[in-house]
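For this one, chain A is given, so just place chains B, C and D with the ligands on it according to the hints.
Residue numbers (our numbering), protein chains in the order written: chain A, 1 to 515; chain B, 516 to 855; chain C, 856 to 1227; chain D, 1228 to 1549.
Simulated from the structure, these hints should not be mistaken for lab results.
All C-beta atoms, glycine included, are put in the ideal place defined by N, C-alpha and C.
Distance ranges between label pairs, derived from CB positions: (1) D474(A) x E851(B): 33 to 41 Å; (2) L1207(C) x F530(B): 55 to 63 Å; (3) F1507(D) x E914(C): 37 to 45 Å; (4) I1208(C) x A844(B): 31 to 39 Å; (5) L899(C) x G813(B): 53 to 61 Å; (6) W73(A) x E851(B): 27 to 35 Å; (7) E354(A) x E914(C): 52 to 60 Å; (8) P1037(C) x G813(B): 25 to 33 Å; (9) I194(A) x F530(B): 36 to 44 Å; (10) F1507(D) x G813(B): 30 to 38 Å.
Computed far set for chain B versus chain D, every beta-carbon distance over 10 Å: (11) I531; (12) V537; (13) F540; (14) S546; (15) Y609; (16) A680; (17) I682; (18) V703; (19) V705; (20) G716; (21) T788; (22) K848.
Only pairs whose alpha carbons sit at most 30 Å apart, straight line, appear in this in silico DSS-like list of lysine-lysine: (23) K1401(D) x K691(B); (24) K852(B) x K875(C); (25) K281(A) x K532(B); (26) K493(A) x K283(A); (27) K786(B) x K355(A); (28) K639(B) x K355(A); (29) K852(B) x K75(A); (30) K1105(C) x K433(A); (31) K1205(C) x K639(B); (32) K1105(C) x K355(A); (33) K340(A) x K1105(C); (34) K1046(C) x K1296(D); (35) K119(A) x K738(B); (36) K283(A) x K1105(C); (37) K1105(C) x K848(B); (38) K786(B) x K1105(C); (39) K1105(C) x K281(A); (40) K875(C) x K398(A).
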Amino acid sequence: MSDRLSPIADDAPIVLEAKGITKQFPGVLANDQVDLVLHRGEILAMLGENGAGKSTLMSILSGLYTPDAGEIWIKGEHVTLHSPGDAIIRGVGMVYQHFQLVPVMTVAENVILGAEVVKAGGYIDIREANRRVRELSKQYGLEIDPTAVIEDLPVGLQQRVEIIKALYRQADILILDEPTAVLTPQESNELFQIMHQLTAQGVSIIFITHKLKEVLTVADRIVVLRGGKAVGTVYPAESTEASLAELMVGRKVILQVDKKRAQPGKTVLKIENLEVLDERKHKVVKGLSLDVREGEILAVAGVQGNGQREFVEALTGLRPVVGGHIFIEDEETTHSIPRKISELDVAHIPEDREKHGLVMPYSVADNLVLNRYFHEPFSHRAVLNRDAIAENGRNLVKEFDVRTPSIETHAGSLSGGNKQKVIVARELSRPVKLLVANQPTRGIDVGSIEFIHNQIVAQRDAGVAVLLVSAELDEVLSLADRVAVMFDGHIVKTLPIEEATRERVGLLMAGSEEE
Amino acid sequence: MELTAVPRKISTNWFIKNRWLVLIFIIIIGSIAYAYAVNGRVTTAVLASTLRQSTPLVLGALCGLICERSGVINIGIEGQMLMGAFLAFMANVYLGNLWVALAIGILAGALMGLLLAFMSVTLKMDQIIGGTVINILAIGLTGYFYISGLTTQGKFQPFALGPLAEIPLIGPVFFKNPPITYMAIVIVFVLHYVLFYTRWGLRTRAVGEHPSAADTVGINVYKMRYINVTIGGMLAGLAGAFLTLEGVGTFERGMTNGRGFLALAIMIFGKWTPLGAWGAAFLFGFTYAIQTQLQFMGVNLPPQFIGSLPYILTILVLAGFVGRSRPPAAEGKPYEKEGG
Amino acid sequence: MATDTTSNETVNRTARYLRKAWQGISVPLVAVLLGLIIGALLLLVSGAQPLSAYGALFEGAFGTPAAIQRTLEKATPLIFAGLAVAFAFKAGLFNIGAQGQLLIGAVVAAYVGFSIQGLPAIIHAPLALLIGGLAGALYGFIPGALKTYTGAHEVITTIMLNYVAINITDYLADGPWKDMTPGNIVARTPKIFPSAVLPSLGNIPTGFILALLAAVVAWWILYRTTLGYEIRTVGLNSSAAQYAGIRVAKIVILSMMISGFLAGMGGAVETQGINGRFQPGFNTGIGFDGITIALLGKTNPFGVIPAALLLGAMRAGSSKMQFSAGVAPEITDVITAVILFFVAADIIVKTLIRQRGTDDDKVTLSTGWSGH
Amino acid sequence: GGQKPAAEKKCGDEGVICIGLVTDVGKIDDKSFNQSSWEGTQQAAKEVGALEVKYVETTDAKDYAANIKQFTDQGYNIIVTIGFGMGEATAEAAAANPKVHFIGVDQFQGEAIPNVAGLVFHEDQAGYLAGVLAASMSQSGVVASVLGTNLVPPVVAFNEGYLNGARSVNPNIKIIDTYHPGGLDVAFTDPEWGATTAQQAIDQGADVIFGAGGNTGNGALIQAAGNEGVWCIGVDTDQWETVPEAHPCLISSAVKLIPPGIVDLVKMSKDGKFPSGNYFGAAGLAPFHDHESAIPQEVKDLLEKTKAGLLDGSISTGYNPG
Ligand SMILES: Nc1ncnc2c1ncn2[C@@H]1O[C@H](COP(=O)(O)OP(=O)(O)OP(=O)(O)O)[C@@H](O)[C@H]1O
Ligand SMILES: Nc1ncnc2c1ncn2[C@@H]1O[C@H](COP(=O)(O)OP(=O)(O)OP(=O)(O)O)[C@@H](O)[C@H]1O
Ligand SMILES: [Mg+2]
Ligand SMILES: [Mg+2]
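Isolated chain A (complex conformation) (with noise of 0.2 Å):
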């Protein structure tokens, strides 16, 4: 996509500089000494593991963190940055990791939030935001409804938002912690676009990703962040992404997941013309058929917002059902609830892991017993036994190479790759027959992506039958054993790996119709 195979941003003047910055965490010297330049119409990326300190750099340059130490300079002017609206008022938009949107309120509220123009009395004229919005949206090329209420926007649109938002504001600075960890490969392509786009009209850009082949081809510089320190600067011609890999995690990475071909048993997991609704009562599930076998991967591929998450949820019990038929082996389990689910053993990697998968203030060893603290040997009679909880919390801990002090740790204080590998851990450390995983790896850094795939294909070889839900083409396509495209509510085409080209998925999920 990038034509440019040259640094020629690198003569252009610097709008932001920091120096020195570092920031000390309690027990986490989260950032040492940084040092970042951003010239005028570049792209800039950031790498680093989960925990790297990248958010926490991005934090400190929009405002929002202090910094213990070091200098920030804007645009020739050295600042000093006490809150999010200092940064703002000198340009530096920022659209944060977890979007900062409120939820509840219109496109357009959100936009003129905190920069509202007003009429006598402090009233806001909604009509006249909601023109606004418009404009921009023409002017960029962000189309969106800004009488849409955000909630019931997808993740995608709701960037869109971000961007709007920092473009309303007049940034000619954006940051953009991780934009892509939730968007579909198109979704990135059309904010890639729209990078570029701002780049031409002088807009510098901030990009943090973890997804690599990204970064070479929409960066104009990188630079690779560990344990908190720059240690890198580097230009995607000169760069591989084995090369960024081992940079970022300080080791080889292998990047191909190795597999043999599949060995399908029988059918483990049937589903006839399954519907189900949303929460606003909208069919979102239409009629979708499909199977899986154990000792396969079945990789769901599709857009986000075309039922997924519905269906996985009706799939484990979380939704009910209002049409067809689930069978898991031979017992329908169209409208049984969670637990006689998950006791056909049937592990499930949720989507959400902040919402399902944890419970924040427990420790980590509470969290690895999260449906199974009813089983021998964690409990016996309905008593809890600590000692059997806390020995499987080591092991598991151990095994899974999750980073935390101690398994008394709340898991709402591990990052976001530890967390995940707790819930990965607890799912298949279980006798398991069918493996239901909905965007295992989103937001986690390629060292803990080749750990969680290993395991996935690890299942798959110990014949358990894999139901993998995945936006992430590239995942899709190096984990599956066979490709089911999931369009507006249904599988519109089975295909086995040896078909499953990225080009034919990829309009497959766009919604072409084929033959």
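The following block gives chains B, C and D with the ligands in isolation, referenced to the frame of chain A:
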């Protein structure tokens, strides 16, 4: 790719979504009209009583509402009301001016609001505890320092609002009242307007729903919470002042008698909106008035049965028609500006 | 890594344990001290003698065996009410209705106590207790069920049900269950039979022992059983609970019922151990005190006990304080509020005593309100 | 509260009189029966030269016995306990302390206990007179009563008397009577309810309000005072003294004279003539004060006649307890 979300057409869907409320509303209006036709005097008396009894409740509910909209749970309404009532009374005794006393009652509420803000925003104390501290403190302080035998020159008296007061039924009920009752009605509408149509309201709601989102666009979360909680305290103080300066004219230990907690229930009942709270408070005041009226009519039931009516009715309405309501998402959680 | 000798490790562990224990009690101790100091200032301002007031307060609470007994008697229902509120908090429910559940328990225990004659004490007293508790549980079932099936917020329904409970019990005590002893005009139930009375063991009321037991059982259920794990999971993250296969609706109802059971037991103990009958106005305010106590005890069942003892002691000693020092009992409310403030605002206390603490024991009831 | 001992003697010594008072749940300054009992006790103490006179306020009904014990432990020999609710605790304390004299205000004695005198009143008679006065003064033919809870027998007695007294003057009179619907703990401390209920009655034509229920009733009186052409009648004590805000409407109060009753009983105790069983104190109407001239002479005459009739038994109030 689908670009447009399904927009929410609030205007048209509103009636369908709230069909039960609408139905109840229609039934109530119809019944009132019928009752007025049958016995105008009693109907007027009952509705006037309804408004009177709803006044401290709605003010208390608005206090809770403005606090919670900015993300701070206030279960100390009862205590704030009590302090407002007490200090307004004392001011009335020693200064002999109702308006000054009113100001002091509001000020007392403001101070109690400030205390809650200090506890929940600055100290990041659990907000339920903060409110409980206020409740106990108010009972203790007012009980300890109340001197009996104090008398005042009197209380606010009703005045008619010109020709408006001549309208049958509505006139005597709404336009012939003492000042705090008028103030309460005005405040309901002002607060509704402010909350949903102004910059202040937008920011307040943002702070209550998603404080870090507000913070990242340069809104000072702490300041917003401090101000809103203090204003909430003022409203509670006003509710207390209503009791001593308008409702009764004198103070009595513990005279709020749980109205602060009822206000909390009314706030939830009204789904955290001023108009909703007003409706809920009105419903409540109405059941109180009806309960008295039933006794007036010599209905031969133990007063305990009639006395349970408002509460059972509330539960029924809530369970049957109103259902789930969604509180501001961030309420109850102290906002920690991480790493700040 | 662990090259220390075993004895060294034991010493270390003991030291660590002691440090932890000190961390646990230092904040409440200092909070009580600060409460008393601020109370003393108020007393001075109002022209009273703090030392003699506190002396009398202490004497009235602990000065004689009888005083201690009264303190324990006061603390007993407070422990039950505190446990009831704390237990519900653990499930993410704010039970303001302990008062109503307690009243129902009290009146029903009285009914069992006065209406059944001829049972041996070993059966009659526990039976009355149990049925009183169950009545409370049933009364707790209502808001629990309303919440799960209709979404009616428990804060509203429990407040309303408190009022209804007052009316129900008043009606029963002045109507069908009224004491018809000739000459009695008072609204109250008959005296319960001696077989239903909970005796005192020396100066220790049986009810108090039951309360301690209830605290242990509540703690054990919460932290040592699968049910407790389910309850806490629902309280902390009901989506995760659902994901883990826990039936959230069942847990919500059950938690409210256990909470109601504890409150009902509190009422029954009052009836059987202290009042000997149900009489309107005799159980006032205990349920609301339960909220204070649950919060003072940081919603931990074991924390509830010292909190209830503190309040019970102040209640027991305040009449002595008024008698000997002429100080109105309301001052103890002010002191309670200040103590609660400092216990919750432990930052202040920790700064005062230069303790670096973890945030672990900070009271947060974040799910106590919005619930599920 | 209380007075310091003057001499070296102390309570419990021979010939020393110490009087203690235990309030019902509520405060000593309740402008109602706790307060007037305390006033009577202080007066009695002065008259008999008591060494000490003190009170303890009850905050929790379960403390009745403990509060009484404060006094018996200190050797107090006369103890005044207030309210029917304390009857049982008083009887028990009396049995345990046979030498101590107990005066139980409002405590009807079903069976006489040697060292307990129940100071009781014919509230129904006072209420009856109030009813006669109300019906006589009413122009509209509608009168009302705003009452504490029906759980408290004296309140019911006042009201029943009031109803029948009013009907005796005008059989067709419309009487609006309302008890506070809350529990005992709020029924007497809810002036706001009293006020709004009074207003609701006034809006329906009531022009005489009988407020009988502690502070709840006081709220009704003050509310009535704000309405032109509405009279009000207080209760228990002469509320002209205790609720000045009600002066514009307060034509009288249905009083039970607690202070003289206590003084009498204390004196009898001193003289060794302490009665047991029920001792009826005087009950009737308080003076008209500033409204003397507003009351027509025939009404005054009627009241006198009624009073005489009640005394000699020729008029029955129609109140039938139990
Ligand atoms: N608010 C905080 N309080 C304490 N420690 C923090 C806080 N925020 C971050 N940290 C620490 O700082 C380190 C850097 O965190 P940061 O969020 O910057 O990582 P990151 O590079 O953005 O990781 P990821 O790729 O997972 O987003 C983390 O390891 C964490 O321990
Ligand atoms: N309040 C906090 N106290 C201590 N550490 C914190 C706190 N908040 C965040 N952290 C730390 O900050 C780091 C980054 O947090 P963040 O929420 O950004 O997770 P993440 O690693 O970026 O995961 P993801 O991107 O999947 O959300 C984590 O390592 C976490 O330990
Ligand atoms: Mg990050
Ligand atoms: Mg991350």
